[in-house]
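Put the complex together from the two separate chains, hints included.
Sequence order for the protein chains is A and B. Position one of the first sequence corresponds to residue 1 (our numbering), numbered consecutively onward. Position one of the second sequence corresponds to residue 1 (our numbering), numbered consecutively onward.
These are computed hints drawn from the structure, not numbers from a lab. C-beta: ideal position from N, C-alpha, C; glycine also. Please note: incorrect hints may appear among the correct ones.
As the list claims (entries may be wrong) - Output of the computed footprint for chain A on chain B, the stretches with three or more beta carbons under 8 Å from beta carbons of chain A:
1) 16-25
2) 56-68
3) 122-130
4) 139-149
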Amino acid sequence: MNAPAYNFAYLDEQTKRMIRRAILKAIAIPGYQVPFASREMPMPYGWGTGGVQVTAAILGPEDVLKVIDQGSDDTTNAISIRKFFAKTAGVATTTATDEATVIQTRHRIPETALHENQVLVYQVPIPEPLRFLEPRETETRRMHALAEYGLMHVKLYEDIARFGHIATAYAYPVKVNARYVMDPSPTPKFDNPKMDNCAALQLFGAGREKRIYAIPPYTKVVSLDFEDHPFEPYRFNAPCALCGAENSYLDEIVTDDKGGRMFVCSDTDYCEGRQAAGHHGSLSAAPYKEKAGSHG
Amino acid sequence: MTTIAELPPGFADRVLSAQSTFRSVMDAMARPGSVQRIVPTAGALHTMMRGTAAIALTLFDHDTPLWLDARMAENSDVMKWLKFHTGAPVVQDTSIASFALISDGAALPPLECFALGTNEYPDRSTTLILQVDSLGSGRSVELRGPGIDGSTTLQASIKPFDLFERLRFNEALFPRGLDVVLVADDAVVAIPRTTRVANKES
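Just chain B, with the same shape it has in the complex (with noise of 0.2 Å):
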């Protein structure tokens, strides 16, 4: 039993390192399939990379429901630990999440599970923060859409090895999606719902 003493800390620096989280994110979601370095750190936790606690520092509080899968949510220290610090309601219930983080891809539920938004307003859909084995070696995608100049390629070891294919329903939702974020310790890239797989090589 860990107490609140003993919780990893948040950062050292709250102000400055959300600002500077904040921008890693915000490039990553401008430009799609680039690597961004999130260089502030938090106290890790064994099933939290440290990329995943600087994002849930930095945009998760009262306002923004969570929902933690299976292997997130059995670690009683990282329930503490982001109650602690955020403040964030977990709910159990997929759909009315703002953020939802996953650890383990393999059990990744039906992507159709999580909030897509209405077409009145689609901005009120489900952000995946979803941790993955590596962004910079594993299987080639090319990715088009916007903020990506032509094409671009990203290498990544991602479970759900089909997370692409899944994401393909965000095509015919739009402008209603899911935006996915890929966290791989201090690196992350993001997926939003405009992205495309250009081609896919193995």
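Bound-form chain A, shown alone (with noise of 0.2 Å):
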């Protein structure tokens, strides 16, 4: 028997079709979130099963797919879904952003502006914005249906009240086309404004909470803020230790137990891209050490 084991992209047809359906429906409105008929996946919950149903959905033989975890290329959630998609669906993977066509992420944006033809899928823990202001479901639901986020502002200021400004470092609120305020999974606030005006289309898949949601392509998308506390987004202020960029995000990685540390990008793709163009940093290696076989 030559069968192949699974069908293309693992998931059956008739839950494609589904999971087809809500994706239409979430692009035609912007940022609310379609409830879906969620299968189990060959992954425990938070592992990016959402995010895995809407790519198994909408990836083709010709695609080319690119997997992150909070930027790196390398961890291990996105080696496996990578594989998984190479084993079941064959498709090419790749780990430059410019050239994927498929892109699924946990909880980071690539530095490199995404274009037309991509689509940027998300994994997504808790796609309620409210839900940790309001625990019932029905109640969240009329929320939403009549725009009342007087609470999320109201969340906002006890951060302003407690800290001086708004605390909230990552899943920031923001409002899509004017309309839902949405959770933009727990991104660091500083990638929320790559989701405005963004070229590519942004699909979120919510796996263990059964909800797709979307942004369309050159939407309109703000992070909630007041006059007087405009939205910042936040860096280490430190340049990347290993390609010395400026304007990326960076992980603080602790080098010892005597407070030593380093700043890198999140980002492994961009940072591999600037140090192969001759960028470096303060801790960049110099190639003639290496081959001196001197250490440390």
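Here you go:
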């Protein structure tokens, strides 16, 4: 028997049709969470089952897939999802943002600007931005229906009252097309401005919570704020230690137990691209050192 | 009387053809006014264009009640073909239809008759699939809205000629509303409920 063990891209055709219909309605109503009959996937909830189902429903044999986890192409989650689709759909994979047609992401938007022939698929843990303020689904649904988002502004105000500034650093709420307040998934708020007027289609899948939502290309996405406390993206005030980038989102890496630390780009493809183009940071390894075998 | 065996076939490769068709429709919905092509072909039926047939095979199943306009419904081959290939129930009540297939735009019922969703569940609305004469020539309409970089011009010959005037009710209804997919042979253009007419020339 030569029959393939799985349908193309793992999901059966009826499931794909159901997800595809949900995606079309999600695009037609930007920022609105469309319920869908999420399936069990061969990976645990919290590992991107929603994003994987969206990717499986849109992926074709000509697509080039990139998967990132916190900006990195090389972490367990990213590698296992990339291998999953290489195996079940036989698609080409890449780590280069430019070359990808479908990018599945956990909690980052690539630094390289996206273009029109790309789809960005987000893995979402809690799609409902109001959930921690109001636990009842019936109530949050009513609040979205009435565009009643005062509670969210109260939450941001309480941040200011307590800390002197809006302390929400990730999953920072946005308003899409001047109507729905939406959770951008736990991306750092540094990434929020990239969602606004983006050339690529953005799709969001939440597997456990069974919701799909979308931002069409060139759609207005505004981070909630106040006139006297405007939205400000946050990044560590340092250049990348490997490529010297001054404008990328940085990870803090603890290097010893004496308070030593380094800051490096969270987007590994962006950082490697800059290093290949000759940019250096304060901790870049000089090539001749390696040849000499000197260490430490 | 056509038997099942004599009905035109569905997709030759139902998995990859459905994927390719869906991507065309998704791109159309994400970029309203842009003309996308549907490449895979299924057997064509007299009143149903090949683009419509491909969309039917891609999106319809037992979960999607269909409403057919009179010209589509009077062709028993279309009914048989849809039933055999998709299994979708054909309903008489427009207000419970997931999809409505319109081949005679001049006889398009008032748009308020279709499911428009609720404020809580605006996604529970009919997607109108309207066959038109041409996407690429005819009157031009300037469109704005999410998915469009500034504005875009759609040239199309559409019946009913006042379709965009009728669709203006989407503006007041939002987030409820009607999403429209225009099909001309293998070309497809989507007009989701967020799309607005900027200004119209004749």
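Hint check:
1. 16-25: holds (count 7)
2. 56-68: As far as the stretch 56-68 of chain B goes, the hint holds, because 6 residues have Cβ atoms under 8 Å from chain A.
3. 122-130: Holds, because 4 residues of the stretch 122-130 of chain B bring their Cβ atoms closer than 8 Å to Cβ atoms of chain A.
4. 139-149: Holds, because 4 residues of the stretch 139-149 of chain B bring their Cβ atoms closer than 8 Å to Cβ atoms of chain A.
When held up to the earlier numbered hints, the structure conflicts with none and fits them all.
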